[in-house]
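Here is what each chain is made of, one letter per residue.
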Amino acid sequence: MGEEPLDPIPSFELPSTRPGAAWKRRRHDEEMEERTEQGWDTPINRRRFLDLARKLGAGAAASAWLYPAFLASCGRTALSRSGRPGFDVEGGAGGSAAINIGVISIYSGVGAFVGKLVDHGGDLAREQINRHGLPGANAFTPEGFPRFDVYQAQTAGGILGGKKINLIKRDDNLSAQVAVSAVQEMITRYDIKGLIFAGLYDDIYACKKLVQQFNIPSIAAYGDLYSVGQLWPKTDYRQLFQMFPPDSWGIELSLQEYAIRDRGYRRFAYLGDNTAVGAQGKRLIGETLAREGMDLSGAEQYNVGDVDMSAQLTRLRGTKSQVLLVWGIAGDTAHALENLKRLDAVYVDRPNALRASPWRPQIIGFEGGAAERTFAILAGDAARTGTMSYWYLGGLGYIPQFRAGVDAFKKRFGVAPTGGENNPADAVFLFAKAFEEAKGTEPARVINALETMKGMNFSSITPHSFTKDRHISIEKDDMVGITLERGKAARTSPPYELGTEFREFLAPGYIGPTQFTRFNMEGLLRKHPKLFGDIMLKGGYGTQCTKRPDPKSPYGFRLTNECKIH
Amino acid sequence: MARLLQSVITGLTNGGVYVLIALAFSIIYMTTRTINFAQGEILMVGSFIYFGTAVTLGLPWPVALIMAAAGAMVTGLVVYLLALAPLGKFDPNTNIGWILTTLAMSLMLVEGFRIVVGEDQHRVPTPFRSVFGRTTILDIEPKQYVVLIVGVGLALGLEILHDRTQLGRALRATAHDKATASLLGINTTAMVLYSFGLAGVLAGIGGWLLGPLIFVSSNMGTLIGLKSFVAAVVGGIGSTRGALVGGLTIGVVEQLARAYGAGEWAEAAVFVALILILVLRPTGILGEALIEKV
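Line order of the protein sequences matches chains U and R.
Following the working numbering, the numbering of the first sequence begins with 25 at its first residue and continues without gaps.
Following the working numbering, the numbering of the second sequence begins with 32 at its first residue and continues without gaps.
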């Protein structure tokens with residue numbers, strides 16, 4: 025028996041003379057496989073290439089056309105986005121008539137809130153100066169407070185006869201090496217005439233050679249070289265000026281004056297990040313404790329961006345420390361406190377912290393961490409009233425004299441300032457004023473102008489100024505404690521009242537840091553008798569616990585340390 | 032001993048998210064022999080959708096979870112359609128363009144969210160604040176246990192699904208030999224789409240779980256994605272059980288490094304574990320050597 029004949033293949037299973045798209049695709053796939061076997065991975069002929077290029081071109085054109093619409097739908101404009109860090113120039117006034125100032129900050133990752141502060145403060149200052157010029161003498165009250173209405177009525181914008189200021193913003197990506205590359209680009213491509221450091225501390229060290237080589241006047245709006253003796257005239261870094269309150273002063277204030285002398289704590293533990301912030305903080309804390317004959321009971325480290333710190337905190341719990349010093353930026357500090365909450369170790373009050381069992385240490389944090397409102401928002405209820413930090417008497421937006429500035433800020437950005445925006449704003453202002461006084465941008469003359477300039481209250485209450493042998497713009501007497509308040513006074517005996525700003529200015533239930541001046545009152549009264557004495561102290565601004573009547577005191581009361589919370 | 036126990040439990044709870052994303056890596060690998068390097072970013076998309084619906088719009092969390100999973104699934108499919116489908120039929124061993132295209136999708140998602148949503152971190156409340164009136168058990172919060180329970184539960188569920196159902200058999204057939212599976216009537220394209228969609232859903236659930244543990248931000252998925260990839264490789268990529276074992280192993284190794292070493296070495300420990308395991312067992316803990324006919 026022979027084999028049965030095969031059934032004929034139905035015609036619909038054969039490829040038609042005009043093959044469909046699916047069949048073409050299959051052919052194409054087969055071709056690709058064949059070509060791959062032959063070592064050709066891109067089997068594309070001229071016709072196909074032209075076809076693809078046409079489609080890509082049309083796609084790109086459509087994208088470019090749709091991009092502004094897309095951004096507009098998100099509530100932004102193409103112009104505002106074109107100046108994002110890493111892409112372009114912020115200012116919209118390019119060309120030879122513009123003066124470029126570089127800004128290096130943290131625009132991404134866990135430290136992105138820093139970049140936002142810099143954007144807000146720096147942009148507002150730039151816009152105001154480009155529109156209204158530098159404030160004239162009549163734009164200040166006799167006490168030195170700004171008169172915004174007078175300033176905003178000025179019509180001669182820009183500096184040096186109408187030149188506009190551009191900010192060239194770049195992200196350091198939490199890497200000093202990235203910062204160096206960015207500064208190189210700013211110098212070679214944008215010919216920056218000034219540089220604002222507002223990112224990692226490490227950036228300022230890493231860029232030193234570059235800044236010196238090109239003699240770029242630089243201001244550390246955020247970043248501390250003073251505490252480690254790296255500021256002019258102790259080193260040859262004459263180009264660098266610092267506005268940031270030094271960690272050494274802050275640690276002296278919050279650890280020595282507050283924790284040890286005011287609160288009576290004796291056991292301290294440290295948890296810090298793996299950047300220069302953490303390393304510098306740990307060293308300065310160790311030195312401060314050594315001066316008091318003490319030592320850290322325990323010290324742990326985490327990587328920036330770490331979420332789980334429970335192991336480190338579990339080890340620190342064993343030290344029975346009364347204070348936990350957390351040295352890192354806002355997001356990490358928030359994570360640390362959330363971990364602390366998991367260990368049921370959140371701060372309650374001083375008596376509990378002193379007992380140390382169960383472990384409920386008071387938290388003292390780095391100024392870029394625990395003094396930030398971002399920290400309070402992210403940490404939620406793990407951030408307790410009485411969390412301590414430090415800053416300087418800077419942008420007190422809530423006092424009546426500065427409210428017009430806050431209103432302008434809200435109008436521009438749609439949100440209220442969270443604190444710290446004044447530093448980048450003042451850095452832009454200082455450069456603008458220095459260019460004006462130097463009658464140009466020649467580096468030596470600009471540096472000289474910065475060293476001899478009289479301080480003005482542009483966006484800070486403390487007028488920033490330098491001298492030839494002092495490249496830090498503030499003084500020790502400007503320092504204030506910062507404490508966290510949660511919108512209503514914690515119940516204590518004796519009770520304390522929230523600062524006036526919580527009643528008059530801030531939204532009900534506002535949670536965030538505020539000034540805490542009890543242990544630096546003398547210095548503040550010496551340096552700012554009108555502002556601190558007559559406005560803040562008398563007006564009840566900031567945390568004033570606990571207030572006791574005292575006819576002998578200048579304002580009829582004195583502040584005591586009876587308060588159990590802070 | 033208590034410290035060891037607590038570290039192991041914390042590590043297991045942390046590992047829950049790695050399990051989910053490692054599962055996503057494995058499922059995609061099964062059908063396409065490629066790694067979707069945008070998987071961590073799909074998790075980020077899920078987290079943002081959950082944040083937007085639960086926090087900004089105030090919708091109930093189960094609704095927000097469904098929307099997060101659905102949104103992440105769509106993102107997963109879009110990643111496939113934009114990053115892999117245009118490459119046509121290719122041998123992933125010789126044509127490695129997919130590495131670049133999936134990495135490109137990862138970067139585009141991060142940058143896109145950064146530009147549109149902003150760089151801020153956002154706090155997401157957890158629906159699981161206490162269990163039996165307790166806010167912590169062994170110093171670990173209920174929301175962390177939920178991660179472990181969901182991670183392990185989904186891994187076991189998928190194992191059963193893929194082991195005992197027609198769909199699972201079709202998937203395994205596609206993974207084993209795509210051409211033959213196609214000849215047997217299995218719609219292999221549908222299987223690939225299914226794997227990308229399912230991986231997206233897993234990432235969306237991961238985003239929902241992770242949001243309350245770490246803050247939601249545009250770059251939250253990058254490191255999680257990388258560690259989960261390590262977990263998938265350690266466990267044996269392409270294996271559901273491997274993803275489970277790998278994810279939990281990485282979580283525990285990381286936590287033990289924190290507990291018994293220095294805190295800053297925890298991440299390095301993960302990669303040291305990867306190298307050690309690959310040296311000792313190149314196919315991963317539960318991986319099997321792939322034998323191909325030539």
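Mixed in with the good hints there might be a few duds.
[Said to hold, decoys possible] Simulated crosslink set (DSSO-like; lysine-lysine; CA at most 30 Å straight-line):
| id | chain 1 | residue 1 | chain 2 | residue 2 |
| --- | --- | --- | --- | --- |
| 1 | U | 258 | U | 551 |
| 2 | U | 306 | U | 232 |
| 3 | U | 478 | U | 492 |
| 4 | R | 174 | U | 344 |
| 5 | R | 209 | U | 365 |
| 6 | U | 562 | U | 551 |
| 7 | R | 174 | U | 512 |
| 8 | U | 562 | U | 478 |
| 9 | U | 492 | U | 512 |
[To be verified] Per the computed footprint, the stretches of chain U lying under chain R, defined by three or more beta-carbons under 8 Å from a beta-carbon of chain R, are:
| id | region |
| --- | --- |
| 10 | 174-186 |
| 11 | 359-372 |
| 12 | 543-557 |
[What the hints assert, rightly or not] Some chain R residues close to chain U (C-beta under 7 Å, calculated; not the full set):
| id | residue |
| --- | --- |
| 13 | 41 |
| 14 | 169 |
| 15 | 170 |
| 16 | 172 |
| 17 | 250 |
| 18 | 290 |
It is worth saying that the hints were derived from the structure and are not from the lab.
Built from N, CA and C at the ideal position, the CB exists for glycine as well.
Consistency of the hints with the structure:
Only pairs whose Cα atoms come within 30 Å are accepted, and residue 258 of chain U paired with residue 551 of chain U is accepted, the gap being roughly 25 Å. For the given pair, residue 306 of chain U sits about 23 Å from residue 232 of chain U by alpha-carbon distance, which is consistent with the 30 Å threshold. Distance check on the hinted pair: residue 478 of chain U and residue 492 of chain U sit about 12 Å apart at the alpha-carbon level, within 30 Å; holds. Between residue 174 of chain R and residue 344 of chain U the alpha-carbon distance is near 28 Å, which keeps this suggested pair within the 30 Å criterion.
Distance check on the hinted pair: residue 209 of chain R and residue 365 of chain U sit about 51 Å apart at the alpha-carbon level, beyond 30 Å; violated. For the given pair, residue 562 of chain U sits about 16 Å from residue 551 of chain U by alpha-carbon distance, which is consistent with the 30 Å threshold. For the proposed pair residue 174 of chain R and residue 512 of chain U, the alpha carbon gap of about 29 Å is at most 30 Å, so the pair holds. Between the alpha carbons of residue 562 of chain U and residue 478 of chain U the distance comes to roughly 28 Å, so the proposed pair stays at or under 30 Å and holds.
In summary, the hint linking residue 492 of chain U to residue 512 of chain U is not supported, as the alpha carbons are separated by about 46 Å, beyond the 30 Å threshold. Only when three residues or more bring their CB closer than 8 Å to a CB of chain R does the claim for the region 174-186 of chain U stand; here the count is 0, and the claim is violated. For the region 359-372 of chain U, the stated coverage by chain R holds: 4 residues have a C-beta nearer than 8 Å to a C-beta of that chain, and at least 3 were required. Counting residues of the region 543-557 of chain U whose CB falls under 8 Å from any CB of chain R gives 0; the rule of at least 3 is not met.
Annotation: residue 41 of chain R was flagged as interfacial toward chain U, and the flag holds, the nearest CB pair being 6 Å apart, inside 7 Å. The interface hint given for residue 169 of chain R is violated, since its Cβ lies 10 Å from the closest Cβ of chain U, which is over the 7 Å cut-off. The interface hint given for residue 170 of chain R is met, as the beta carbon of that residue sits about 5 Å from the closest beta carbon of chain U, less than 7 Å. For the restraint placing residue 172 of chain R at the interface with chain U, the shortest Cβ-Cβ distance is roughly 6 Å, inside the 7 Å limit, so the hint holds.
Look at residue 250 of chain R: its Cβ gets to within about 5 Å of chain U, closer than 7 Å, so that hint holds up. Because the beta carbon of residue 290 of chain R sits about 4 Å from the nearest beta carbon in chain U, less than 7 Å, this interface hint is met.
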